[in-house]
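**Student:** One letter stands for each residue in the lines below.
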Amino acid sequence: MTRNETVDVLIIGSGASGAAVAWSLAETRMNILCLEQGDWTRPTDFPANGRDWEARRYGDFAISPNERARVTDYPVNDADSPMKVANFNGVGGGTIFYTAHFPRLHPSDFRVRSLDGVASDWPIDYWALEPFFAENDRMMGVSGLAGDPGVPARDPPMPPIPLGRTGAAYARAMNRLGWHWWPSDTTVATTEYDGRAACINLGHCTPGCAQGAKASTDITYWPRALRAGVKLRPRCRVREITLNEHGMAAGAIYYDADGAECFQPAEMVILAANGIGTPRLLLNSASARCPDGLANSSGLVGRNLMLHPWPQVSGYVAETVDGGRGPMTSLWSKQFYETDPARDFVRGYTLQFARGAGPVAEAVDSLAAGRLPWGEGHHRAFRALLDHRLRIGIACEDLPEAHNRVTLDPELTDSDGIPAPKIDYRIGENTRRMMAHGIARATEIMEAAGATQIGVSPTLNSPGHLLGTARMGTDPEHSVVNPWGRCHDVRNLFIVDGSIWVTSGGVNPTSTIQALALYIADRIKQRLATLFDPG
Amino acid sequence: METSQDSGLSALEIDALRRLAGVLIPPDAALAMPGADDPDILADLLATLGRDQARVQAALGALLAAGFAAAAPAEAETLARSRMATAGPEAGTLGRVILQCYYRDPRVLRALGQDPRPPFPGGHVLEQGDWSLLDPVRARTPFWRDDRAGAA
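In the order they appear, the protein sequences are chains C and A. Heads up, the working numbering is the position in the first sequence plus 3, with the first residue counted as 1. Heads up, the working numbering is the position in the second sequence plus 5, with the first residue counted as 1.
Because the hints were derived from the structure by calculation, they are not lab data. Any given hint might turn out to be false.
Pairwise CB distance ranges, derived in the manner of DEER restraints [unchecked claim]:
hint : chain 1 : residue 1 : chain 2 : residue 2 : range
1    : C       : 531       : A       : 122       : 51 to 57 Å
2    : A       : 118       : C       : 149       : 36 to 42 Å
3    : A       : 153       : C       : 180       : 52 to 58 Å
4    : C       : 413       : A       : 136       : 43 to 49 Å
5    : C       : 386       : A       : 140       : 49 to 55 Å
Every value quoted in this text rests on a predicted model; they were computed, and no experiment measured them. Quick reminder that beta carbons are idealized off the backbone N, C-alpha and C, glycines included.
Bound conformation, chain C alone (with noise of 0.2 Å):
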């Protein structure tokens, strides 16, 4: 095996919380080296580019990575689970493969014991992640518009993405019903930012955007990181992390681009491989020392996985309106994001508003969904639907449960042998009460909009967010990591993920992976001098 030079910090995925932690402590002058098991991705190897744009997002762009299968990807079997899970694995990871929809979690979320009496309170607030917030905005490039009535004061600084007719259309069937919306926050550029380009509206945002006016961690955090010195290593994955003679991480085995074993030995781990990626990682670490996986002494490494149910709704208009022609992101609502005692369920979801699609996921999707006929009668049914689309998608805080789980597969394995994660979940009863409100209440908006042919999509295949394996708190028999992100049985390990959140939110994830990463690299460099003390 390859022994490699020890650094002072080795983390491990380069995505949205990788990135940033990288970037953050660069200031340090420590010797930081990033491991990533995928690739760069060009600009020209977005699917936007070429004639089978829509094709690819049923291939090598796909956003589950069993269908991906590329050889950077590891598989997961979701057999047991209804919801699949979304990922990319490579330089900016998920960040590749995002909306760019970049809600934050509200001061609520944080509080969901004491406020409604459910799960656990994060042992952090909204309040301490503040300026983390801020400062990540920056750093992603945010557009939106400051005084939403919904969600806490934030300055985005750039201007919202245009209404657009699907938008208006939006707008103007909310405000029938006096419900609330406002523009989304996104890392979409909408002005020149920062050295990339604004967005030309190419639809297409998810599978990577080829302007490069979606922030992206490989094009915002990466380039600032690698200037100040921290090194990244892509096609090299991650085996395991191995203990030394003390309890303490000394490095971890990976498998280079040839398939080479390597070690890379380090004064501190950072883990930033998402809610599955992590804890994959630290049952593969199980040793001698901790048999049931590393930094595991709680039992709870793997378990309150979190996947964000998500049902969508879709209706259509009589009027032509934006189709696949801009960024699908457009629109949010809060109305129904805090608890309210008189439902029979406590907790909230987040409306989002889309855009439609183009001519071939409108076709694949309206097939599967019934709205599109075979033979005659094909071509004036699709007619009446390509640009006709409004789509909402209901975006559920899912609670944790113990028993919804990663665990590892007991034979499928990775492209180089490394045993894959299995994930086993169901839908709690609380989260199904919030899907049929969000999904009635989305039905009255298509009405209140004068839609026709309204109708719930059949799947629940994604976004899949991946949240609450290894979660945070104050207690080493309850929680896997300590407020400040150290493994409370490793003390130079820590994790900067997905994983440690306490509970959901109903919100696309990633501003707020970002802002606790950046909020964990802080405290880090505050506390240089006893980093590795116990307590």
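Fit chain A to the given chain C structure using the hints.
**Tutor:** Only chain A this time, still in chain C's reference frame:
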């Protein structure tokens, strides 16, 4: 025209695919829409099967085993519709590859009023819209829950 060697499909499978595509998406002269069995669309389909080849072959095999090749037109249509509706993920893949090649054909896109080009680099124009629609929402008082001591 693609050959069976190019696509990995046998001549029998290609014939079945052509017939199936024409049944599922027939031409409509009034709307200037070709059928999905159009030679150029079929050639695109065969040239780009790629990772979908095995599932497509499985779906076509099931169709052929049910007598699709010898079926009279009306019977073939009934058979095609029922198989595509009930035959599982293989049929789903077959339907999707037909749709993804059909709805990128330049003639089809033009007939639908779409620009037959990839999104980049041309992009699209998105109307700014009437932001005065937001005025009633701006007038609302904040309603997110403030968890700080002393907050309402």
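**Student:** Each hint should be assessed against the structure and marked as holding or not.
**Tutor:** For each hint, the structure was consulted:
no. : hint                        : verdict
1   : 531(C) - 122(A): 51 to 57 Å : 54 Å, holds
2   : 118(A) - 149(C): 36 to 42 Å : 38 Å, holds
3   : 153(A) - 180(C): 52 to 58 Å : 31 Å, violated
4   : 413(C) - 136(A): 43 to 49 Å : 56 Å, violated
5   : 386(C) - 140(A): 49 to 55 Å : 35 Å, violated
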